[in-house]
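Protein sequences, first through last, are from chains R, X, D and G.
Numbering follows full-length UniProt numbering, in which position 42 of the first sequence is assigned residue number 42; successive positions increment by one, without gaps.
Numbering follows full-length UniProt numbering, in which position 193 of the second sequence is assigned residue number 193; successive positions increment by one, without gaps.
Numbering follows full-length UniProt numbering, in which position 1 of the third sequence is assigned residue number 1; successive positions increment by one, without gaps.
Numbering follows full-length UniProt numbering, in which position 121 of the fourth sequence is assigned residue number 121; successive positions increment by one, without gaps.
Hints were generated in silico from the structure; no laboratory data involved.
Glycine included, every Cβ here is placed at the ideal spot set by N, Cα and C.
One or more hints might be untrue.
Calculated pairs, SDA-like style, for lysine to any residue (alpha carbon to alpha carbon, straight line, at most 25 Å) [what the hints assert, rightly or not]:
1) G:Lys202 x D:Ala113
2) D:Lys202 x G:Lys202
3) G:Lys6 x G:Arg50
Label pairs and their in silico Cβ distance ranges [what the hints assert, rightly or not]:
4) R:Asp43 x G:Leu161: 41 to 47 Å
5) D:Asp69 x R:Gly206: 50 to 56 Å
6) D:Asp149 x X:Ala95: 27 to 33 Å
Chain residues, written in single-letter form:
There are 4 protein chains.
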Amino acid sequence: MDQMTKTGLWVDAVQDIIAAGRRMDRFGWVPATAGNISRRLPDGRIAITRSGGHKGFLAPDGVIEVGMDGRAVQPGDRPSAETLLHCQLYAHDPAIGAVLHGHSVASTVLSMAAGDAITLSDYEVQKVFAGQTTHDASVRVPVFDNDQDIARLCTVVAPELGRMPAGYVIRGHGVYVWGATMDVALARLEGLEFLLACELEKRKLGR
Amino acid sequence: MDQMTKTGLWVDAVQDIIAAGRRMDRFGWVPATAGNISRRLPDGRIAITRSGGHKGFLAPDGVIEVGMDGRAVQPGDRPSAETLLHCQLYAHDPAIGAVLHGHSVASTVLSMAAGDAITLSDYEVQKVFAGQTTHDASVRVPVFDNDQDIARLCTVVAPELGRMPAGYVIRGHGVYVWGATMDVALARLEGLEFLLACELEKRKLGR
Amino acid sequence: MDQMTKTGLWVDAVQDIIAAGRRMDRFGWVPATAGNISRRLPDGRIAITRSGGHKGFLAPDGVIEVGMDGRAVQPGDRPSAETLLHCQLYAHDPAIGAVLHGHSVASTVLSMAAGDAITLSDYEVQKVFAGQTTHDASVRVPVFDNDQDIARLCTVVAPELGRMPAGYVIRGHGVYVWGATMDVALARLEGLEFLLACELEKRKLGR
Amino acid sequence: MDQMTKTGLWVDAVQDIIAAGRRMDRFGWVPATAGNISRRLPDGRIAITRSGGHKGFLAPDGVIEVGMDGRAVQPGDRPSAETLLHCQLYAHDPAIGAVLHGHSVASTVLSMAAGDAITLSDYEVQKVFAGQTTHDASVRVPVFDNDQDIARLCTVVAPELGRMPAGYVIRGHGVYVWGATMDVALARLEGLEFLLACELEKRKLGR
């Protein structure tokens, strides 16, 4: 692969990440400096948001390259600590091309009230998740306890890999979703957040 | 009708659909790839959103032509499964020129808590619905059980046709509204969603 | 006053009304074709939104001139039925230059749960209302029963004129606020709607 | 420092303040004429929003210079009464470069239901506040009673200075947050408001 192609792939990935950040900000899912966004390029490189900075106002230099070990390729670049959770997904499934991590009020509040999962049932929008063809089913969204030790958190997530069609939630923290492309990942994020917003309203109705 | 006129009518319909999608996205009523939007042209053709894709970011090729049987006119185009619900409305009433189907948190949650209808009473905004001239009345919004078999769902909707001034709701799924023009359909959608949002708040107040 | 000056004053008023409509739409306070907006010009003419049409997407011809009797100056122009409520305010106080009527979820729901008034106390934002200099006071917002006979509704509003620093609410319908200029009226509208949103949240907390 | 440099610093500060006002308006945190925004320049001057006017639509002349005593440098300029609360923070800590005061529904309602503090625990977003490195901790946000006598309010705030990593709340009024730069202050504001929104939802769930 020549340098021009490599550059073009990188620019495309950065544009995807910047646009995803703006979209997430529009819904209030990347408050302060929260959230992170990544894409795997066709050549295998991983582009991810730099640690810190607002994800709704990303500039191209807000995106850096990391290896599958979660470390920055360029010395001096500082990836988010949570980069390992992205890499874990890319390592698990070669079909994954984009990972999104956002913080919403609904996911934060519901996860703090939940046990080890939030179960979504009877919603048409469940069909946006991989392998779901009907509303007449239940989708289990695992809730993992938050942990500042991300390597340790990875070991808790690992056993569920391949069994989380709607992504997962870290308690008091936020959601992780993914897809083959950024568009698919964003659609699943919107779908999951829509359903969590519905669940939150249902609980306020006492149901 | 010459080809230039036919093309102009099509372009107008596509612009109406794209603008309606943006407006619905602004309110969060087309999360992920949810929702669908159609218009009947003066020459009788039906333009409707293609299956899949985000309705807030439609491009002209995201709109396809279907016949009254809900099938794509161009081989290879894939309409939404729910196209039949649009066609049913167009077949029922020749005055209908636009149909909107959106997913909101309020319609989803209320319909899952409701019986076979949601009744709206004493709201000024009820006057936006066909034939309503006062707030001092009740408008019945039927709630139909969701069904992945859309042809079967049509048979459940059929007996209510002509008696649904505010549209209808599919349980855990979303609303259907219509009007002579896209502007009228959008106004009724905004009116219905506003009133469902009010109903949801009322129930949280325990009323 | 020469024709050029008269035209300039009219254009200014129309621009104020169009901008106010966009702002109200941004908050969801003019759903469907709801709401109306007026301004009194320095030469005494009254410009008000035409009946029907979406107030968030006004064009200059969506604004018409009415007399103090609420009737259109140009034959064929159709003002909103509620124009009389605007004229009543202009007739009551020559210092009033703009009147806004919006529909919000909070004002609709609270007014349907209220008696003959909503009382706002201990909020800093109360200071936006005429004559209020401290949070340490109560502001009474009258709630009038809705009535499709606007002339009759005017007679119910009349005794309260001059005693409504924060405007008033029509039950299940919406708010009326006013000010010397459009900016003042908009600030009071934002202040009142902010406080009604707070009241609605308070009641959901059971307070 | 030459005049050109002084002018450039002022222009930068004004741009920061205008952009912050737009951002706060986007979330509904500066309703009506509420809120105020300031920045300390590298040369020690303090730029702050003029009293009155909407903070979401600031023009350069909506920002004035004040001294550390809270008084306008230019005779005739009228700073907000709350300017003293900004100056108190600048006097307390030379590292503070920006102060934000906003009004949100969540901060207003929660502070009216709270005692002398709101405590935030177990949220990942707490890490946006100075000195917080884990979610597994509690952050105390003091709530001070509102007072129209701002000098007296300063004496109530004073004992807590240096012990408020997340800012503070004035009851029924709004939040104060700060940071070395406007970006840091805005991130903390978004973080605090996000967490107050979570707390409000939690309480509606009865937790």
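Verification of the hints:
Of the pairs offered as hints, the one joining Lys202 (chain G) and Ala113 (chain D) holds, with about 24 Å between alpha carbons and a cut-off of 25 Å not exceeded. The suggested pairing of Lys202 (chain D) with Lys202 (chain G) holds, with an alpha-carbon distance near 13 Å, which does not exceed 25 Å. For the suggested pair Lys6 (chain G) and Arg50 (chain G), the alpha carbons sit about 20 Å apart, so the restraint of at most 25 Å is met. The hinted window of 41 to 47 Å between Asp43 (chain R) and Leu161 (chain G) is violated, with their beta carbons roughly 53 Å apart.
Taking the beta carbon of each, Asp69 (chain D) and Gly206 (chain R) are about 51 Å apart, inside 50 to 56 Å as hinted. Range check, Asp149 (chain D) to Ala95 (chain X): about 30 Å between beta-carbon atoms, so the 27 to 33 Å window is met.
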